[in-house]
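Trainee: Next come the chains, spelled out residue by residue.
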Amino acid sequence: MDLNFFWFVILGVLLTGYAILDGFDLGVGIMHLFVKGDTERRILMNSIGPLWDGNEVWLVTFGGAMFAAFPHAYATAFSGFYLPFMLLLFALIFRAVSMEFRSKQEMRWWRQMWDVSFTAASTLATFLFGVAVGNVMIGLPIGADMEFQGTLLGLLGPFPLLVGAFAVATFAMHGTIYLYLKTEGDLQARIHRWMWSTFGIFLVLYIFVTMATLVLLPSAVTNFREIPWAWVVVVLNVLAIANIPRAIYLGKPGYAFISSGATIAALTFLFGFALFPNLIVSSLDPAWNMTIYTAASSQKTLSIMRWFALIGMPFVLSYTVAIYWIFRGKTRLGKFSY
Amino acid sequence: MDLDVLFLSRFQFALTIMFHYLFPPLSIGLGVIMAITEGMYLKTRNREYEVMARFWTKIFAVVFAMGVATGIVMEFQFGTNWATYSRYVGDVFGSPLAAEGIFAFFLESGFLAILVFGWDRVSPRVHFFSTVMVALGSMFSAVWIVVANSWMQTPTGFHIVGEGMSARAEITDFWAMVFNPSSVDRLVHTLIGSFILGAFFVMSITAWYILHGRHVKLAKQSFTIALVFGTIASLSALVSGHEQANTVSVTQPAKLAAFEGHFKSGPGDMYLFGFPDEEREIVRYGIAIPGGLSFLLHNDFSTPVTGLDQFAKEDRPPVGISFQFYHIMIALGMFFIGLTLLASFLRWRGTLFEKRWLMWVFVVAIIGPYIANQAGWIAAEVGRQPWIVYGLLRTSDALSKAVSAEEVLASIILFTIIYLFLLAVWLYVMNDKIKHGPDESALAAEGVPTGSLLDTMSTLADHGGPSLTEARDEKEGK
Chain G
-18 MDLNFFWFVI LGVLLTGYAI LDGFDLGVGI MHLFVKGDTE RRILMNSIGP
32 LWDGNEVWLV TFGGAMFAAF PHAYATAFSG FYLPFMLLLF ALIFRAVSME
82 FRSKQEMRWW RQMWDVSFTA ASTLATFLFG VAVGNVMIGL PIGADMEFQG
132 TLLGLLGPFP LLVGAFAVAT FAMHGTIYLY LKTEGDLQAR IHRWMWSTFG
182 IFLVLYIFVT MATLVLLPSA VTNFREIPWA WVVVVLNVLA IANIPRAIYL
232 GKPGYAFISS GATIAALTFL FGFALFPNLI VSSLDPAWNM TIYTAASSQK
282 TLSIMRWFAL IGMPFVLSYT VAIYWIFRGK TRLGKFSY
Chain Z
6 MDLDVLFLSR FQFALTIMFH YLFPPLSIGL GVIMAITEGM YLKTRNREYE
56 VMARFWTKIF AVVFAMGVAT GIVMEFQFGT NWATYSRYVG DVFGSPLAAE
106 GIFAFFLESG FLAILVFGWD RVSPRVHFFS TVMVALGSMF SAVWIVVANS
156 WMQTPTGFHI VGEGMSARAE ITDFWAMVFN PSSVDRLVHT LIGSFILGAF
206 FVMSITAWYI LHGRHVKLAK QSFTIALVFG TIASLSALVS GHEQANTVSV
256 TQPAKLAAFE GHFKSGPGDM YLFGFPDEER EIVRYGIAIP GGLSFLLHND
306 FSTPVTGLDQ FAKEDRPPVG ISFQFYHIMI ALGMFFIGLT LLASFLRWRG
356 TLFEKRWLMW VFVVAIIGPY IANQAGWIAA EVGRQPWIVY GLLRTSDALS
406 KAVSAEEVLA SIILFTIIYL FLLAVWLYVM NDKIKHGPDE SALAAEGVPT
456 GSLLDTMSTL ADHGGPSLTE ARDEKEGK
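Quick note, the sequences are listed as chains G and Z, same order.
In terms of the numbering used here, the numbers along the first sequence are unbroken and rise by one, the last being 319.
In terms of the numbering used here, the numbers along the second sequence are unbroken and rise by one, the last being 483.
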């Protein structure tokens, strides 16, 4: 396989893994303030306690892999999104320490402060991911020198903001279904209602984003003419979305969670598919698009890194499976909880 | 000094890396002690070790979380603030960062979950295995990061492709890049520095318990483990530091000359202290061993050593900063050796824990390894200037072109506020955890003599130590 394409696929896999896994723990963070009472909030945080750190590593590895495989895209995107990325970093910092610090003190104001910071940081991080994806989809003002020439305000157009809101709705739904699996009793009954409301909001925004994409970005579907079988993914995506309410209704939350995970995977795939073979589209001149060939490292580096991926990925998958297996079942507070 | 993008970006990198580096070396050092303590429990089945292992794990979790939270900033910052650098070196420098993610972070984060949350979910053996994996994982992180940084100091295994603005380094030999001339020396020294920090951290906390007559038996056990570990590490630091100085004299002579304020080529003196004057190219108010530097490098007091005069002014590192931080690190290193040897001797004589003054020294001495670790890195990084990649790319040519000074200033202000706040919260939570102490209720419930109460009473009798109320509080597990 073409090494550049291989690395495009690996980045896609890392991004998908990140969106599915950190997606639900970001979603738990978004929903955190909706539950009241100390015990229930602790249950929420502890439902993701052993897992969120490993989930975030997918993002860190995505960043490292992008730096190594496509340094020009890494440099252009990260310096172009300077202030939004700084905000994202602050959000990720606050999310991590909120969980770590919250239950270490008894004071009401202390716990309230970290609860608010946890939800705000989770929501902001998710929103910024969506805004970044939206901007990458419509293209960035990139010059011939591969440098970003836009402004901060230029990054806050209506389409990116819509995708940001969509990201928040998607992860909120994904996280709520996850919580339903991890809770019991009265709390679970309330979460059951939230599954319906978060799904409703997700569905409305999904329709809006799909329409906006088709109207504003005709280029997003050009690859379908070359590779028609990709329509299968679109169909699967719609089926997965339809299966979420069906599974909730039939009382099979496990299937609903798998379906929301599949929905996220399909959306990430379609994002990558619309972009290919570009990594960053120049809104100024298509000749300045940064592709998986023009933005890449040398073949030598890509082939060394392929060995990293081939050796490392089985380990990564086995840790992930093992941890999820060890911490399966309902979340109960114990001596070692947050 | 202009508040331009160059100065601000360097300032931001220094701020964020120095704040980040409060945590990883402590994770590495404390991780080893945690693994030893838990290993002792598995071997002896003495529940006291288990209680301490659990206590260190709780502390470790808070340290580790801060390391994760502040570490993610570092990986993104190459792209945000140093885009030109990222384009120039990405082909070489990116792969160690990616390797760190794949081989170290996944390992650490997975087993950390078992370490912190899994005490009652897995068997003691699996738990011990997880502890060892977390400790190893944090060292694997150090491996890849030090490899990447060492390549910036002594680049090998690459060639330059393209010219002018589009020139960039491309890898030719991966293993030559990984084992560049300085990476092994620097990795060993970094790990040793972390071990010293971990040992002094444990000794500081346990000395405080001993002084206050709390958890005395457990504290003495942990103190002894940390003392043995710290003594070995402090002595090893001397050997590895010497090795490193030899390497630097060959690979980065300008850096070594700056460390020692060696302006004129010729036999080199070794300063105990002094104030280098870059204008007049002399060291003021210094006390030096004449020919000491030559002797250190060549076993001969008169062998010439390359001085700063061999380098054009614009290719010299800032001498004052390099000199002072290098000397602070060395002075502290000598202090660690003296202190740990003295304490080991007294421990062997059996009188160590009666020396209240020495216990107080250990309570405060934790500041030493913190300063030494930071100072060593400051010397290493400032000594590499004006290059970001030694001899290849100047720091001033490595910036992001799309980022303005105002943007960097804004992010610096935010980082400063947030980091000061987090530091305060972290210290508060740590202090609280330490005051709370290890949970000995499990020992008391099983009827295992905790020893701590007896010890407390003897301390009371001997030294008129803490009040009886405090001892009672402790028995109730407060």
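Just so you know, the hints here were simulated from the structure itself, not pulled from any lab data.
Treat the hints with care, as some may be off.
As the list claims (entries may be wrong) - Quick list of in silico lysine-lysine cross-link-like pairs, DSS-like style, CA-CA up to 25 Å:
hint : chain 1 : residue 1 : chain 2 : residue 2
1    : Z       : Lys440    : G       : Lys311
2    : Z       : Lys440    : G       : Lys316
3    : Z       : Lys438    : G       : Lys316
4    : Z       : Lys63     : G       : Lys311
5    : G       : Lys316    : Z       : Lys222
6    : G       : Lys311    : G       : Lys233
7    : G       : Lys17     : G       : Lys311
8    : G       : Lys85     : Z       : Lys440
9    : Z       : Lys438    : Z       : Lys222
10   : G       : Lys85     : Z       : Lys360
11   : Z       : Lys63     : G       : Lys316
12   : G       : Lys85     : G       : Lys316
13   : Z       : Lys63     : Z       : Lys318
14   : Z       : Lys225    : Z       : Lys406
15   : Z       : Lys360    : Z       : Lys440
16   : Z       : Lys225    : Z       : Lys440
To be verified - Non-contacting residues of chain Z with respect to chain G, defined by C-beta distances greater than 10 Å in every case (computed):
hint : residue
17   : Phe12
18   : Asn86
19   : Asp96
20   : Leu102
21   : Phe122
22   : Thr229
23   : Gly279
24   : Pro295
25   : Lys318
26   : Gln329
27   : Val368
28   : Glu412
Unchecked claim - Some but not every residue of chain G turned toward chain Z, in silico, with C-beta under 7 Å:
hint : residue
29   : Val41
30   : Asp96
31   : Ala125
32   : Glu128
33   : Ser279
34   : Tyr300
From the three backbone atoms N, C-alpha and C, an ideal C-beta is built for every residue, glycine too.
Trainee: Test the statement that phenylalanine 12 (chain Z) is away from the interface with chain G: the closest C-beta pair must be farther apart than 10 Å.
Mentor: 17 Å, holds
Trainee: Using Cβ atoms only, decide whether valine 41 (chain G) comes closer than 7 Å to chain Z, and label the hint accordingly.
Mentor: It holds, given that the least Cβ distance between valine 41 (chain G) and chain Z is near 5 Å, below 7 Å.
Trainee: Would the non-interface assignment of proline 295 (chain Z) survive a Cβ cutoff of 10 Å against chain G?
Mentor: 48 Å, holds
Trainee: Are the Cα atoms of lysine 63 (chain Z) and lysine 316 (chain G) separated by 25 Å or less?
Mentor: At roughly 11 Å apart (the allowed maximum being 25 Å), lysine 316 (chain G) and lysine 63 (chain Z) satisfy the hint.
Trainee: Report holds or violated for the interface hint on serine 279 (chain G), using the least CB-CB distance to chain Z and a cut-off of 7 Å.
Mentor: 5 Å, holds
Trainee: Are the Cα positions of lysine 440 (chain Z) and lysine 311 (chain G) separated by 25 Å at most?
Mentor: 33 Å, violated
Trainee: Would the non-interface assignment of aspartate 96 (chain Z) survive a Cβ cutoff of 10 Å against chain G?
Mentor: 4 Å, violated
Trainee: Hinted pair, alpha-carbon criterion (25 Å max): lysine 438 (chain Z), lysine 316 (chain G). Please report holds or violated.
Mentor: 15 Å, holds
Trainee: Next pair to validate is lysine 225 (chain Z) with lysine 406 (chain Z); report whether the Cα-Cα distance is within 25 Å.
Mentor: This hinted pair is violated, its Cα atoms lying about 56 Å apart.
Trainee: Per the CB criterion, is alanine 125 (chain G) less than 7 Å away from chain Z?
Mentor: With a minimum Cβ separation of about 11 Å from chain Z (threshold 7 Å), the hint on alanine 125 (chain G) is violated.
Trainee: What's the verdict on lysine 17 (chain G) and lysine 311 (chain G), does the C-alpha distance respect the 25 Å limit or exceed it?
Mentor: Holds, because 19 Å separates the two Cα atoms, which is no more than 25 Å.
Trainee: Under the criterion that the straight-line Cα-Cα distance not exceed 25 Å, is the pair lysine 63 (chain Z), lysine 318 (chain Z) satisfied?
Mentor: 51 Å, violated
Hints 1, 10, 13, 14, 18, 19, 20, 21, 28, 30 and 31 from the earlier list are contradicted by this structure; the remaining hints agree with it.
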